[in-house]
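Protein chains in written order, with the working numbering: chain A, 16 to 290; chain B, 1088 to 1377.
A few of these clues could be false.
To be verified - Counterexamples of contact, computed for chain A against chain B with all Cβ distances above 10 Å: (1) R106; (2) T129; (3) D235; (4) A260.
As the list claims (entries may be wrong) - Some chain A residues near chain B, calculated using beta-carbon distances under 10 Å: (5) L42; (6) D46; (7) G47; (8) R49; (9) V50; (10) D105; (11) L155; (12) L162; (13) H212; (14) D240; (15) L259; (16) G270; (17) L278.
No lab work stands behind these hints: they were computed from the structure.
Ideal Cβ placement from N, Cα and C applies to all residues, glycine included.
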Amino acid sequence: MSEPAILVEGVAFDYPRGVRALDGIDLRIDDGERVVVVGQNGSGKSTLVRQFNGLLRPTAGSVSINGRPIGRRHVADLAREVGLAFQNPDRQIFAGTVRAEVAFGPRNLGLSETERDAAVERALATVGLAGDEATNPYDLGFSRRKLLALASILAMDTPIVILDEPTTGQDARGIERVQRIVAELSGTGRTVIAVSHDMRFVAESFERVVVMRAGRIILDGTPADAFGEAAWPTLASTYLEPPLAARVGARLGLGATPTEAALVGALTARGTAGR
Amino acid sequence: MRDARYAYAGTSRQVLAGVDLDVDAGRVVAVVGPNEAGKSTLCLVAAGLAPIAIGGRLEGSVLLAGDETAGLAAYQAAQRCGILFQNPATQLSGTTSTVWEEIAFGPRNLGLDIGAIVERVEGAMATLDIAGLADRDPQRLSGGQAQLVALASVLALRPSLLVLDEPTSQLDPAGTRLVGDALSRFAAENGTAVLLVEHKTGLVARIAGEVAVLVGGRIVERGPTAEILADPALAEHGVDPPPAVRIERAVADAGRSGDLVGLDLAALEMEPITGSPLPTGAPLPTGTPA
Chain A
16 MSEPAILVEG VAFDYPRGVR ALDGIDLRID DGERVVVVGQ NGSGKSTLVR
66 QFNGLLRPTA GSVSINGRPI GRRHVADLAR EVGLAFQNPD RQIFAGTVRA
116 EVAFGPRNLG LSETERDAAV ERALATVGLA GDEATNPYDL GFSRRKLLAL
166 ASILAMDTPI VILDEPTTGQ DARGIERVQR IVAELSGTGR TVIAVSHDMR
216 FVAESFERVV VMRAGRIILD GTPADAFGEA AWPTLASTYL EPPLAARVGA
266 RLGLGATPTE AALVGALTAR GTAGR
Chain B
1088 MRDARYAYAG TSRQVLAGVD LDVDAGRVVA VVGPNEAGKS TLCLVAAGLA
1138 PIAIGGRLEG SVLLAGDETA GLAAYQAAQR CGILFQNPAT QLSGTTSTVW
1188 EEIAFGPRNL GLDIGAIVER VEGAMATLDI AGLADRDPQR LSGGQAQLVA
1238 LASVLALRPS LLVLDEPTSQ LDPAGTRLVG DALSRFAAEN GTAVLLVEHK
1288 TGLVARIAGE VAVLVGGRIV ERGPTAEILA DPALAEHGVD PPPAVRIERA
1338 VADAGRSGDL VGLDLAALEM EPITGSPLPT GAPLPTGTPA
């Protein structure tokens, strides 16, 4: 069996003033998996994914990327393997133009100018910002700054991509775009990890849902496992709710229907069987 | 707002291109629209920050409690209107070391006496159930916690108009529900006019009396919430209908509408889930694990 993309063993993390954000986390994410981390506000989701690129280092336990312990490896070194788009794009954006912002990462990877330009062009086209190369990032609205921060990560072409709340502030088309990007990344073999409160996005775009409460993992399964009626008390304990499609499916006795497509599919199947 | 048109300083493009909008005392009016429609700019203009604090060119008329914003000083606008920015990190003062002090920052600047300040801070924290965060460092909160603290800071000002730019964007589902309930209550109890910009149409359906759809700097539709949110044109404007409307449509498209007869989807969405420790209005977790 190949090395897992990410292996977290017994990780604890304390913020200053003694706030314990992670407490005994064990997690294995295999190469090419599409995983989303959910949980109440302050449950440790962002803190957890920041352990994966070395931005935060565990107080106890260890994190390995592609079989190599992070240990004291530099963030810049890890950036070749793990890209992380922040929840707040303004913590990430610093350049004077959209092009310079996206080119920063590839330049530090030592790509040639031609390769770099191609990577920038590709990433901007993917997020729908082609044509805005010369724009100052702060002349973009919040939703497009989020997409710019995402483009900067895509341009790095890392095997592991982490998206912290990628749908925040996006309209319907923006969410569809993010969903398409997740599917494309996954389709080309990348490991995609997201943090999200958007339960419809969670159910539609990911194959595995990791549920956190107070710095611990309390559920780890498919969207059907996470949003099926049996898991509702667990969800409620971390202030989550299943998407409406799952509620309707449960009420109609259709079993776990985490997505609208699953709900319609189950209704259609029942209708056909009853004929 | 009457025919409000606004261009940022140094630009000629009108981000708002003739907006008419009223928000009455005690009412919640929601504005929905696609990205880059001008929603955040509308918030800045409604609150008077544009042009008072950030310049730019405003034409038409924007009245805040009866006075043209263009003629108000920054402190006068701030006394009438509280604004919550989309990104809570830009809202926090950066000058305080605890959440309690952060929420007290606004009331202190209003010149209130200490008793009134304490009452307002504790009241705002109780409204959003974040008393457990009182001693935390505002710079070391999760995104969702920071958003609740920023909102509490604005509520503590008890303004006559509250302008909220996606107040629940970083909240978990229960937090979103709690903030929705809290805003409805706050508006009704204090007679506050609330202008709410929000992508979550499920939340809008629950708390807004009226919805305006902003596209390209213009309001293209406006009316009672249920009517606007059920309008098929909404999706064409890049706005997602509420989950209940989406599901009804998807099921109807599959020819299975009969399966939903007798089921009130909007009510089902509001039901506490099995074993939920969180009926509406119950406290939020404070994110300080033992």
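Using Cβ atoms only, decide whether G47 of chain A comes closer than 10 Å to chain B, and label the hint accordingly.
-> With a closest approach of 28 Å, the G47 of chain A hint is violated.
Interface restraint verdict for R49 of chain A against chain B (beta-carbon cut-off 10 Å) = For R49 of chain A, the interface hint is violated, since the closest Cβ of chain B sits about 21 Å away, which is over 10 Å.
Should the label of A260 of chain A as a non-interface residue stand, given a Cβ cut-off of 10 Å to chain B?
-> The claim breaks: A260 of chain A does not keep its Cβ more than 10 Å from every Cβ of chain B (closest is about 6 Å).
Can the hint on L259 of chain A be confirmed by a CB-to-CB distance to chain B that is less than 10 Å?
-> This interface hint holds because 4 Å falls under the 10 Å limit.
Should the label of T129 of chain A as a non-interface residue stand, given a Cβ cut-off of 10 Å to chain B?
-> Fine: 32 Å to the nearest Cβ keeps T129 of chain A off the interface.
Would you settle whether the hint for G270 of chain A is holds or violated, based on the nearest Cβ-Cβ distance to chain B being less than 10 Å?
-> violated, 14 Å
Chain B versus R106 of chain A - minimum CB to CB distance exceeding 10 Å, so not interface = Not fine: 7 Å to the nearest Cβ puts R106 of chain A too close to chain B.
Should the hint that L42 of chain A touches chain B count as held when the rule is a Cβ pair under 10 Å?
-> violated, 17 Å
Status of the hint placing D105 of chain A at chain B (closest C-beta pair under 10 Å) = With Cβ-Cβ at 6 Å, under 10 Å, it holds.
Just double-check D235 of chain A for me: nearest Cβ-Cβ distance to chain B has to come out over 10 Å.
-> With a cut-off of 10 Å, D235 of chain A remains clear of chain B, as the shortest Cβ separation is near 18 Å.
H212 of chain A as an interface hint toward chain B, with CB separation required under 10 Å | OK, holds: H212 of chain A within 10 Å of chain B, min 5 Å.
Per the CB criterion, is V50 of chain A less than 10 Å away from chain B?
-> With a closest approach of 18 Å, the V50 of chain A hint is violated.
Of the hints listed earlier, those the structure fails to meet are numbers 1, 4, 5, 6, 7, 8, 9, 14 and 16, in rising order.
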